[in-house]
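S.K.: The listed protein sequences derive, respectively, from chains A and B.
According to this note's numbering, the stretch in the first sequence is residues 1 to 582, in order.
According to this note's numbering, the stretch in the second sequence is residues 583 to 709, in order.
Bear in mind the hints are in silico, worked out from the structure with no lab data behind them.
Each hint can be trusted.
Taking lysine-lysine and the BS3-like style, the derived pairs with C-alpha atoms no more than 27 Å apart in a straight line are:
(1) K248/A / K504/A
(2) K618/B / K222/A
(3) K172/A / K618/B
(4) K639/B / K440/A
(5) K222/A / K639/B
(6) K222/A / K172/A
(7) K502/A / K248/A
(8) K318/A / K472/A
(9) K481/A / K573/A
(10) K371/A / K397/A
(11) K639/B / K146/A
(12) K172/A / K146/A
(13) K397/A / K376/A
(14) K318/A / K573/A
(15) K639/B / K172/A
(16) K376/A / K440/A
(17) K318/A / K455/A
(18) K472/A / K573/A
Please read all numbers here as calculations on a predicted model, not as lab measurements.
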Amino acid sequence: MQAPVADQPTPAREPWRRRLMASLLYGRSVDRDAKTRARIALTVLIFALGYTVIAMRLVMFATAPEGHGSRRVIAPDAVATARPDILDRNGEILATDVRTQSLFAEPHRIIDVDEASELLTAVMPDIDAAEPRARLASKRRFVWLKREITPEQREQIHRLGIPGVGFLPENKRVYPNGAEVSHLLGHVNIDNQGTAGIEKWLDARGLADLHLAGLATDRLQKPVELAVDLRVQHALRDELIAARARFKAVAAAGVLTDVRTGEVVSIVSVPDYDPNNPREALDPTRINRLTTGVFEMGSTFKALTVAMALDSGKVSLKSAFDASHPLQYGKFAIHDFHAQNRVLTVPEIFTYSSNIGTARMALSLGIEHHKWFLRKMGQLERLRTELPESAEPLVPKRWAELNTVTIAFGHGLSVAPLQAVAAISALMNGGRLIPPTFLKRSEAEALALATQVVKPETSEKMRYLMRLNVEKGTATKADVKGYYVGGKTGTSDKVIGGRYSKTKVLTSFTAVLPADQPRYLLLIMLDEPQATPDTHGFTTSGWNAVPVGGAAIARIAPLLGLEPRFELPPSDKLILASAGAR
Amino acid sequence: MMRVLNICVIAALVLAAADVYTIKFQSTRQAQRVAKLRLEIRREREAVAALRAEWAKLDNPARIQDLARRHLQLLPADARQIDPLDNLPERPSDLVAVDEADPIGSAISKPDALDRSVIGSVPADAR
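Using the sequences and the hints, build the whole thing.
M.R.: Shown next as structure tokens:
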């Protein structure tokens, strides 16, 4: 074969097989060098692209180091949901989470059900032997055997080495103060979901959604600060438990609010329950009487009637009303408990707690004015607070003159006691109605929420009347020296079977302290107090609720940081004189 | 020329690979440490929470009141025991002589002998 000549290559010179390959692969008239270079360039480009992608992925991994891996580690924790701590106003813990272990099983991995259940019941004698057996034999993939086991039990079960049985950490809610703050806090169920009180409110505020999403696993949630003061709460509860025992009352309740902010500093209703054992809460006698119950507040309501009359401008402190004989209304006759049988001035009506006088006062202003005023004071609608449990007031469907007569002295209209407290706070603090709250609130925030319901002058006159009632009225037993207490008593006959009972009463005492510069309002309520030798057979408020209120104030006031002041002039000099000077 | 360049590039590649390997190794170790520390922090936090719960339980006012009633002779504070600083009188001159025993100091040093009526100013009718 001849060597091919470079300058005149002829395809014909090449062997036929090569020619065939060339024509099959790249055609006959192609510059193979150029083609090769283009191919190399293409290869380089593809590799360059590949490496660029790898480099970029590396950069991405470097900048975002936490991917799915870390989420998977936390997942087992998410079984029971974390809740934020609840603190009192001084930062004391009222509710917190602690970590416990729970025992679970995967039945399909259990080899010998009988052996496994025998071993487990040996370690945990407190559970019924049939129960783990039934659960282990079930077809489900996952069953709880026991929630919240002790560390010792966990260790023992771990040593048994039963296949298909494991532990999951869970959060358990604990209330270190037991029954002390029960009604306010509420409680949670076994899955750490709030079922009552502030706990339920927390869930309603978005915590439940977090739990559903499995995100609330962290215990670093911001704690919730309540307005309640644990020390005051304890002191008030201690006094109320003692009072309930002393007067053999069905129940005793007390609430202390800051009149300037509407914060509820203490709320006690005994009998109460231990939130660590929520089953007790099902007992209907243990309800929170201050928000969940409605009551006819009795003479306490006279404060509202008198304030309405004074605020209308038609009645002054010097006005007089005829209380010389019972007020006849159809077949009803309204009597006075401390009957004076003469014409009484407004301060006398208040201090003798005259039913006739207040009824006449309300009648002089008319039904519509009375309704309008009570609506303005928030007594006719349900009071909404953070607590999910609330009760609707029982308002008469047809409001006739007789209703105005009885409601004027606190019968015929049932309201939640906290509702009455909010209204009387407004009469004390200069006329601003502030919705009560269980959370911490500043004075500026309260001012933004407040509505002016009565004139500041009316408020001053009301404080004078409250103080006067302690100086020489029905509430003299609550005159705690140094704190210038003002107060109004209330005794209402309970309705038993549709009729007013003559023997069963609900007594209450509303106190403001100090009366000249109001800071706190205290309400004490005793349900069916019995007469004792000390009370000379009486069951009216002045003999039970008032001394209890006095004892509670003497104990609570130093805790609240109120400075005691002695040798203050009587109310007509101190409060009324400053009101007149304006 | 080309060969020298190639050798240089290969050397650089080997060096870079070695460096990347050490960095990777270190980062793995750091990540492990981070995970371990995180776990420790979580355990510590849980322990702190458990201790705080325990503390709150021991610090409960009802428990303290019970203990105080049983072991102390103190009474609840009375309003008359609180006085503003303005009412504080001037310091009396030499109530106790220099070489004499201090009555309050000696009373504090023997707590068993303490009579609650001499500490503070418990009013007579509160006793």
